[in-house]
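2 protein chains.
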Amino acid sequence: MGVLEAVQRELKALFGPRALLGPEKGVYRYDAILVGSEPLAVVLPESLEEVQALVRLARRYGFPLVPRGAGSGLSGGAVPEEGSLVVAFTRMLRLEVYPEAQAAFAEAGVPTARISEEARPYGLFYPPDPASWRTSTLGGNLGENAGGPLCFKYGVTGDYLLELEFVDAFGEAHRLSREAYDLPGLLVGSEGTLALLTGARVRLLPLPRHRATLMALFPGVEPLAEAVSRAVAQGALPAKLEFMDPVCVGAVEDYLGMGLPRGRALLLAETDGDDPELVEEELSLVERTALDLGAQVERAAGGEEAEALWRARRAVSPALGRIRPKRVNEDIAVPRSALPRVVGEIEALGRAFGLVVAQFGHIGDGNLHPNILFDPKVEPEAKVWELAHGIARVALRHGGVLSGEHGIGLMKRAFMAEAVDPETLGAFLRVKEALDPQGLLNPGKLLPDP
Amino acid sequence: MGVLEAVQRELKALFGPRALLGPEKGVYRYDAILVGSEPLAVVLPESLEEVQALVRLARRYGFPLVPRGAGSGLSGGAVPEEGSLVVAFTRMLRLEVYPEAQAAFAEAGVPTARISEEARPYGLFYPPDPASWRTSTLGGNLGENAGGPLCFKYGVTGDYLLELEFVDAFGEAHRLSREAYDLPGLLVGSEGTLALLTGARVRLLPLPRHRATLMALFPGVEPLAEAVSRAVAQGALPAKLEFMDPVCVGAVEDYLGMGLPRGRALLLAETDGDDPELVEEELSLVERTALDLGAQVERAAGGEEAEALWRARRAVSPALGRIRPKRVNEDIAVPRSALPRVVGEIEALGRAFGLVVAQFGHIGDGNLHPNILFDPKVEPEAKVWELAHGIARVALRHGGVLSGEHGIGLMKRAFMAEAVDPETLGAFLRVKEALDPQGLLNPGKLLPDP
Ligand SMILES: Cc1cc2nc3c(=O)[nH]c(=O)nc-3n(C[C@H](O)[C@H](O)[C@H](O)COP(=O)(O)OP(=O)(O)OC[C@H]3O[C@@H](n4cnc5c(N)ncnc54)[C@H](O)[C@@H]3O)c2cc1C
Ligand SMILES: Cc1cc2nc3c(=O)[nH]c(=O)nc-3n(C[C@H](O)[C@H](O)[C@H](O)COP(=O)(O)OP(=O)(O)OC[C@H]3O[C@@H](n4cnc5c(N)ncnc54)[C@H](O)[C@@H]3O)c2cc1C
Numbered sequence: 147m148g149v150l151e152a153v154q155r156e157l158k159a160l161f162g163p164r165a166l167l168g169p170e171k172g173v174y175r176y177d178a179i180l181v182g183s184e185p186l187a188v189v190l191p192e193s194l195e196e197v198q199a200l201v202r203l204a205r206r207y208g209f210p211l212v213p214r215g216a217g218s219g220l221s222g223g224a225v226p227e228e229g230s231l232v233v234a235f236t237r238m239l240r241l242e243v244y245p246e247a248q249a250a251f252a253e254a255g256v257p258t259a260r261i262s263e264e265a266r267p268y269g270l271f272y273p274p275d276p277a278s279w280r281t282s283t284l285g286g287n288l289g290e291n292a293g294g295p296l297c298f299k300y301g302v303t304g305d306y307l308l309e310l311e312f313v314d315a316f317g318e319a320h321r322l323s324r325e326a327y328d329l330p331g332l333l334v335g336s337e338g339t340l341a342l343l344t345g346a347r348v349r350l351l352p353l354p355r356h357r358a359t360l361m362a363l364f365p366g367v368e369p370l371a372e373a374v375s376r377a378v379a380q381g382a383l384p385a386k387l388e389f390m391d392p393v394c395v396g397a398v399e400d401y402l403g404m405g406l407p408r409g410r411a412l413l414l415a416e417t418d419g420d421d422p423e424l425v426e427e428e429l430s431l432v433e434r435t436a437l438d439l440g441a442q443v444e445r446a447a448g449g450e451e452a453e454a455l456w457r458a459r460r461a462v463s464p465a466l467g468r469i470r471p472k473r474v475n476e477d478i479a480v481p482r483s484a485l486p487r488v489v490g491e492i493e494a495l496g497r498a499f500g501l502v503v504a505q506f507g508h509i510g511d512g513n514l515h516p517n518i519l520f521d522p523k524v525e526p527e528a529k530v531w532e533l534a535h536g537i538a539r540v541a542l543r544h545g546g547v548l549s550g551e552h553g554i555g556l557m558k559r560a561f562m563a564e565a566v567d568p569e570t571l572g573a574f575l576r577v578k579e580a581l582d583p584q585g586l587l588n589p590g591k592l593l594p595d596p
Numbered sequence: 147m148g149v150l151e152a153v154q155r156e157l158k159a160l161f162g163p164r165a166l167l168g169p170e171k172g173v174y175r176y177d178a179i180l181v182g183s184e185p186l187a188v189v190l191p192e193s194l195e196e197v198q199a200l201v202r203l204a205r206r207y208g209f210p211l212v213p214r215g216a217g218s219g220l221s222g223g224a225v226p227e228e229g230s231l232v233v234a235f236t237r238m239l240r241l242e243v244y245p246e247a248q249a250a251f252a253e254a255g256v257p258t259a260r261i262s263e264e265a266r267p268y269g270l271f272y273p274p275d276p277a278s279w280r281t282s283t284l285g286g287n288l289g290e291n292a293g294g295p296l297c298f299k300y301g302v303t304g305d306y307l308l309e310l311e312f313v314d315a316f317g318e319a320h321r322l323s324r325e326a327y328d329l330p331g332l333l334v335g336s337e338g339t340l341a342l343l344t345g346a347r348v349r350l351l352p353l354p355r356h357r358a359t360l361m362a363l364f365p366g367v368e369p370l371a372e373a374v375s376r377a378v379a380q381g382a383l384p385a386k387l388e389f390m391d392p393v394c395v396g397a398v399e400d401y402l403g404m405g406l407p408r409g410r411a412l413l414l415a416e417t418d419g420d421d422p423e424l425v426e427e428e429l430s431l432v433e434r435t436a437l438d439l440g441a442q443v444e445r446a447a448g449g450e451e452a453e454a455l456w457r458a459r460r461a462v463s464p465a466l467g468r469i470r471p472k473r474v475n476e477d478i479a480v481p482r483s484a485l486p487r488v489v490g491e492i493e494a495l496g497r498a499f500g501l502v503v504a505q506f507g508h509i510g511d512g513n514l515h516p517n518i519l520f521d522p523k524v525e526p527e528a529k530v531w532e533l534a535h536g537i538a539r540v541a542l543r544h545g546g547v548l549s550g551e552h553g554i555g556l557m558k559r560a561f562m563a564e565a566v567d568p569e570t571l572g573a574f575l576r577v578k579e580a581l582d583p584q585g586l587l588n589p590g591k592l593l594p595d596p
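Chains A and P, in that order, give the protein sequences.
Heads up, the first sequence stops at 596 in the numbering used here, and the numbers go up one at a time, no gaps.
Heads up, the second sequence stops at 596 in the numbering used here, and the numbers go up one at a time, no gaps.
Worth flagging that the hints you see were computed from the coordinates, not collected in a lab.
Just so you know, these numbers come straight off a predicted model, no measurement behind them.
Careful: at least some of the hints might be erroneous.
[As the list claims (entries may be wrong)] Below, in silico cross-link-like pairs of lysine to any residue (SDA-like), each with a Cα-Cα straight-line distance of 25 Å or less:
(1) P:K299 - A:G301
(2) A:K299 - P:P422
(3) P:K299 - A:R355
[To be verified] If you want the footprint, here are the derived chain A segments under chain P, 3+ residues with CB under 8 Å:
(4) 217-224
(5) 234-247
(6) 439-447
(7) 469-483
We put the CB at the ideal spot given by N, CA and C, even for glycine.
Please work from the sequences and hints to get the whole structure.
As C-alpha cells, this is what we get:
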C-alpha cells in the first residue's frame, strides 16, 4: 500500500465523511483571487483534539497543512501547494457571548458577522468588519489581521484579541492570553504559517447610540484624498471613511442605476457616538473640508438613506466585475499625508500602461485597493502584473506598506524581498524555523524562498 | 591583558565618559524592588549605531547585556546578573511629534510623561500612563507593556505602538511596522530578552474636552469590587477606576492628613469625553451602583478638587513605606467578575499569615497590587515570599494572570512554570533561541531555567 493510501485510510478512520478524498476537494483549490493545485485531501475538523490528531498525522507522514477559513482571501493564502492537505475550519462554529465581561469566545470557523449579531441583544458589537464579513471566518481574519471600514476608528482584528487558542506545528494545544512573550500577537497576521488557530476570546464594545452619514462628490481623486487628509489632521475621527474613484462610481451607477453623477470621485463618511450633537459636529468637520475642496455634499436624512449609500459601496466589487472579466486587486497602505500624491500617481500609471485601474478603499487609514481590470484574451497578464508591481512600488516609495489588510500570501511573496530588508527577513525566517522547523504549516506563503 | 581589560578599553574607545567603569556603576545594581550584582560596566549609548556597536562587542566577547530604562521596574527586569553589561538608554532622548499623523517618534530613553507634554499644544496626548510616568522611560514601558490608570479605557503601551526601532542580538538594526510577522508586537513585553529597543513611533489621541471625578467610600473592599464589577457590566467605561483598601486609606491619611475616614475602602472614578452631559451621565452610573452597595459618594466640584483626590492616590506608595520599612509589591490581574472574591481571599490570607497586606490598583481591568509590608528584622522574608506566592495562586485559581503590568523579571521567574503549561514554555524557549541563540540579552529574566 502506498503512502497516499495509508494517509487516506487514517484520515477516513479519524474524520469519516469529514475527510474529503474525492473530486469534491477540487473546490478547495481556490481562494477569492488565485487557483492552486488540487489538495491531497480536505479535512473538516470539529474540535481542538481533531486538529491535534491531524497535525500529528501530518508530522508523521511529512505532508504540509494549509489552513483555510472561507477562502475569501485576496492574496492566495489558503490556496494549496502540490501535495498538501487542506484543513477547512468551517465546521468549528461554537460561539459564546459573555456580556458581563464584554467578550466572546468564537471558534475559528465562525463567520465574522455572527459575532456582532449574537452580541447585539446585549448592546454590544465586534468592531472588525471586513467587507467580506458575512462569509469570512474569524480564523481567516486572525490569519490576515483583517480590517474593514470601521477599523479607522476602532482598529483591526488583532486589537480585539484577548486570548488565542491554537495548535502548534508539534501538535500541542495552547490557550494563551497576551502576557510574557505575546505569541497570540505574533500569530495574528501570520497567514497560517506558524500555527493552526482554533478559536479566540475577543473583546466587544458597547454599540454607539447615534450615527450620521454623508456622501461627498469631488471633481477628482486628488482633492478627495486631500480633504480626508485635512479633516483627519483637524481631529475628525469618523467611524468610516470610504472612497471610490470615478471608474468605481461609473461602474456602480451602471450596475445599480441610483443616479450617481459620472466622472466624480465619491467619499462616504460616517461618524458615530453616544451624543447626537457631537456626532453631527464631527460630520460637519468632514463636510466643511469637502466643500472647501470643491465637493458637492449630501447628508443622509436617516438610516434608510444611509443604508442606500453603503449599498453603493458594497456594490463596487460585483460592479467592477462587469467592466472586464478579470482583475487584480491590489492592497496598499500609505501615510495619510501622502494620499493625494499616491492616488494621483497610480491613476497616471494606469493610463501609461493603457489598463483600466479602479481605486477604492478605507481611505481614512490610507488603505487603498487599486484594482487592475483586464480581459486576458486581449491584455497580456504579464503587463498586468508589471503594473501591479509598479503600484506596489508607488506605495513603498511614499513610505507605505505592501499589504494594507489582505496579506502577502502567494501573490506578494516575491515582493517581500523588496519591501523588507534582508536582516528583517532573516529574523522572520528564524521565527518560522523555531515554531515550524519541519516547514509543515502553509509552505510557500508569506515568506519568500530563502 | 585580561579579557576584562580588553573589553573596558574597547568600551572607553567607543563611548568615552559614557562608559562607566568605576564605582559609580554600583547605582545600576537596583531597580525599584530588587538588588543584583555590580555590572562589569555601564554604557550610555546615544544612537542606534552605538547600540549596534555595543551588541557586536558583546557578541565577540560573549558577555550578556542588560537593557535598562529608568530602573523603576517592579520585578527586577533591569537588575544585572553577575558579569553583565548594563545598557542604560537614558541618553537617547530624541522626541518628535507629528500632529497631522497623530503620532510621535520617541527614542527609548524618553520619559513617558514627556510624550504627552509635547503633544498637548496640538490637542493630543499619549494615553499609557503608569503611575511612574515622570521617571519611567518609553523603552522600559515597551519592555514591560506598561499600563496605568487610563489603560482601562484606553489600552496599554502595546496598543499605541505603530513602528518599533530595535537592534537584535546579532547587532542588526530594524525599523518595523506591524505587518507580516508582528515582531514589534512580540518584542513588546519581552523585558529586554529578545532585542534592544531604541525607539518607537507611537499613536496619539485627541485630548478629551471634559472630565468628571468622584470618590466613593465603601464599608469594605468586597462591596467596592462588587460595585465596580456591576457598573462596568452595565456599560460604564470610565477613563480611570482606582481603588485603595482601608490599610492604604489609613496610610495616606497619616501621611497627608486630608480628612479621609479610616476603616473604609476608597474608589476613585474619572470619566472623560467630548460631551459634558455624557461624561456626567457615565459618572452617575458609577455613583448609583456605589450608593446601592452602601458607599458614601463625593463628586469633585472642579479640576482642583479632582486633583486633590488624585494626589491621595499617588501618595499610596510613599505612604505605605512609612508603615513598614520593606514591602513586596504583587501585581496580579483577574477577571472582573472574580474581583470581589479575590480581594476578600487576599485580605484573609494576609490575616492568616499575620502580615500587613495593603491592596490598591487599577481595579477597572481587574489589575490589583497587593503589597506585603514587613520589617525584615521582625518578620522573616521566607514567610513574606510564601504569602506572595499564596497571593499569586489566588489569582491563578480565579482565572487570573501572574503579571498585570509589572512583568515577570527576576521576581516571578520561578513562578512561570506554574502559570504556563510546559508546551507553551517550550514555545517561548524556541522563540528565545531563535532570536537570541547566544543568550546574550538579559539572561535569567522572564523565562525559568530550562
Ligand atoms: C468581496 C471581498 C471583500 C473583502 N473585503 C475585505 C476588507 O474589507 N478587509 C479585509 O481585511 N479583507 C477583505 N477581504 C479579504 C478576505 O475576506 C479577508 O482576508 C479575510 O480575513 C479572509 O478570511 P477567510 O475566512 O476567507 O480566510 P481564507 O481566505 O480561507 O484564509 C486567509 C488566510 O488565513 C489563513 N487561515 C484561515 N483560517 C485559519 C486558521 N483557522 N488558522 C490559521 N490560519 C488560518 C489561511 O491559511 C490564509 O493564509 C475581502 C474579500 C472579498 C472577496
Ligand atoms: C511608584 C511606582 C509606580 C508604578 N506604577 C506603574 C503603573 O501604574 N503601571 C505599570 O505598568 N508599571 C508601574 N510601575 C513599574 C515601572 O515603572 C514600569 O514597569 C515601567 O515600564 C518601567 O520603566 P523603566 O524605564 O523604569 O524600565 P526599567 O525598570 O529600567 O526596565 C524594565 C524592563 O524593561 C527592559 N528595558 C528597559 N529599557 C529597554 C530597552 N530600551 N530595550 C529593551 N528592553 C528594555 C529592562 O531590561 C527590564 O526588563 C511603577 C513603578 C513605581 C516605582
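Here's how the hints hold up against the structure:
no., hint, verdict
1, P:K299 - A:G301, "holds (14 Å)"
2, A:K299 - P:P422, "holds (21 Å)"
3, P:K299 - A:R355, "holds (18 Å)"
4, 217-224, "violated (count 0)"
5, 234-247, "holds (count 3)"
6, 439-447, "violated (count 0)"
7, 469-483, "holds (count 3)"
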